[in-house]
Amino acid sequence: MIPIAYITLRELQQRVRQTLEERFALPVWVSAEISEIKVNTSGHCYLELIEKGDGDAVPRAQARAVIWRSQYQRLAARFEAETGQCLAAGIRLLAKVSVNYHEIYGFSLQILDIDPSYTLGDMERQRQLTIARLQAEGVWEMNHTLELPAVVQRIAVVSSSKAAGYQDFCNELRKSPYRFCVELFEAAVQGAAAEDSLVEALGRIALREEDFDVAVIIRGGGSVSDLNCFNGYRIANHVAQFPLPVLTGIGHDKDTSVTDMVAHTALKTPTAVAAWLVERMAQVEGWLVTAGLQIAEAARETLHAAEIGLQQCSAAFLQQSERLLLEERNRLTRAAEGVQTAPFEFLRREQLRVTAASDLLLSHSVDRVLRRGFAIVRLHGAAVKSVNDLKRGDRLDITLADGSVAADVTAVSKAMNNSQEDNG
Amino acid sequence: MDKKELTYGEAMTEIEAILAKFRNEEMSVDTLAAEVKRATTLIAFCRKRLLKAEADIKKITQE
Chain A
306 MIPIAYITLR ELQQRVRQTL EERFALPVWV SAEISEIKVN TSGHCYLELI
356 EKGDGDAVPR AQARAVIWRS QYQRLAARFE AETGQCLAAG IRLLAKVSVN
406 YHEIYGFSLQ ILDIDPSYTL GDMERQRQLT IARLQAEGVW EMNHTLELPA
456 VVQRIAVVSS SKAAGYQDFC NELRKSPYRF CVELFEAAVQ GAAAEDSLVE
506 ALGRIALREE DFDVAVIIRG GGSVSDLNCF NGYRIANHVA QFPLPVLTGI
556 GHDKDTSVTD MVAHTALKTP TAVAAWLVER MAQVEGWLVT AGLQIAEAAR
606 ETLHAAEIGL QQCSAAFLQQ SERLLLEERN RLTRAAEGVQ TAPFEFLRRE
656 QLRVTAASDL LLSHSVDRVL RRGFAIVRLH GAAVKSVNDL KRGDRLDITL
706 ADGSVAADVT AVSKAMNNSQ EDNG
Chain B
3 MDKKELTYGE AMTEIEAILA KFRNEEMSVD TLAAEVKRAT TLIAFCRKRL
53 LKAEADIKKI TQE
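As given, the protein sequences belong to chains A and B, one line each in that order. Using the numbering used here, read the first sequence as starting at 306 and increasing by one per residue. Using the numbering used here, read the second sequence as starting at 3 and increasing by one per residue.
No wet-lab data here; the hints were simulated from the structure. Virtual Cβ for every residue (Gly too), placed ideally from N, Cα, C. Do not take every clue at face value.
Pairwise CB distance ranges (calculated) [to be verified]:
1) B/8 <-> A/630: 14 to 22 Å
2) A/638 <-> B/58: 17 to 25 Å
3) A/667 <-> B/46: 28 to 36 Å
4) B/60 <-> A/608: 24 to 32 Å
5) A/614 <-> B/58: 19 to 27 Å
6) A/673 <-> B/46: 36 to 44 Å
7) B/11 <-> A/617: 27 to 35 Å
8) A/638 <-> B/27: 18 to 26 Å
9) B/26 <-> A/683: 36 to 44 Å
10) B/50 <-> A/617: 31 to 39 Å
Not everything, but these chain B residues come out facing chain A in the computed CB check (under 8 Å) [unchecked claim]:
11) 8
12) 18
13) 28
14) 31
15) 38
16) 59
Please build the complete structure, drawing on both the sequences and the hints.
Take a look at the structure:
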């Protein structure tokens, strides 16, 4: 039996290490995703790096990594400044690494440098993918098209009760003269679990959709880091399809997150959201005041028109009454005058009839006298009753019963007795 | 006058009927004085009614 040649474990590891150091050009730039990260008390940062498969389920590669304290502060600060994001689980990064192989601790990577622009690019690419996916699914505009009620009073807030932004939001509403009902749905708005936590909180609100006018997502002010969770597909999808209008006050000035984009209305800060809500209430109040004034004005106009109509009616009525009374008065006056004058006219007519009758009677008796041989002597149409009225030469008309003659006076002789009296 | 309260309209009609008798020569001397007295009474009645109506209207419209 030939004895098997062997080496010790330590020798093996020394050979692996030696081969690694001799044959492998180091350091090298590696892209990977952080799956775990922690900083221990000594200030060194320990990470677990992975490379995900297509299904995102089982990692296709995994390795431990470390950033020594001497590098960590500088690298982390630069990374955060450039990406607006702290080093955290879920972040993909491009790191310059050297590979260590240790007889006791085994295989590990030492991160010497990080290129933030890679992460930035990756984040942006992820963001664009999320946007494209939401648009392709036809949910992009859904929350925008929801109609915000005229009066927004019942507010469901997704935030952390400890967040300064939530306090700012509540204070701003309290300062206003309007009454708001705010109910907090607690969620982690920062950190690795933020997206899950936000989605879960939104789910609780959706179950009580009828109790609220609007959902508000706010995040504590201050740190600009860790906004990336609001670019996640799940949170954006939930907000887009949320049954209530969603307002955001996530508190950042740089990029607008995808969640902001799909939300009904996006505002910069929690205070801005509260101010916006208060302003809407002020508009409603203004509208109510105007409506009240318009109603009062319309009522006044109607009353005024009715009053004028009534006045016209009353004036017309008075005028008509006066006209009627005047007519009646005239009619009565005429009647009274008639009653005063008519009897006398009547009597005068009667008198004339009597006179006419007596004249007729007289003429009949004259005729008889003439026929008995008397005659009527007239001078210039007047009956001559005395010789004193006559002188020589006068032309007399003498009427007889059957005619008349003309005669000239040739002599006038006066009877002797009582002639003076007869002339009277 | 009559048992029944005389109306203005009835009184006026009667006055005008009496005047018509004058116009149409239907008046008789025998009844002349009585007719004129009747007409005068009716005119006084109507005048009173008119004045009352006028005063009433003034009072009502001033309220």
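Going through the hints against the structure:
{"no.": "1", "hint": "B/8 <-> A/630: 14 to 22 Å", "result": "19 Å, holds"}
{"no.": "2", "hint": "A/638 <-> B/58: 17 to 25 Å", "result": "20 Å, holds"}
{"no.": "3", "hint": "A/667 <-> B/46: 28 to 36 Å", "result": "45 Å, violated"}
{"no.": "4", "hint": "B/60 <-> A/608: 24 to 32 Å", "result": "27 Å, holds"}
{"no.": "5", "hint": "A/614 <-> B/58: 19 to 27 Å", "result": "24 Å, holds"}
{"no.": "6", "hint": "A/673 <-> B/46: 36 to 44 Å", "result": "54 Å, violated"}
{"no.": "7", "hint": "B/11 <-> A/617: 27 to 35 Å", "result": "29 Å, holds"}
{"no.": "8", "hint": "A/638 <-> B/27: 18 to 26 Å", "result": "24 Å, holds"}
{"no.": "9", "hint": "B/26 <-> A/683: 36 to 44 Å", "result": "43 Å, holds"}
{"no.": "10", "hint": "B/50 <-> A/617: 31 to 39 Å", "result": "32 Å, holds"}
{"no.": "11", "hint": "8", "result": "15 Å, violated"}
{"no.": "12", "hint": "18", "result": "7 Å, holds"}
{"no.": "13", "hint": "28", "result": "10 Å, violated"}
{"no.": "14", "hint": "31", "result": "6 Å, holds"}
{"no.": "15", "hint": "38", "result": "5 Å, holds"}
{"no.": "16", "hint": "59", "result": "5 Å, holds"}
This entry does not satisfy hints 3, 6, 11 and 13, going by the numbered hints stated previously.
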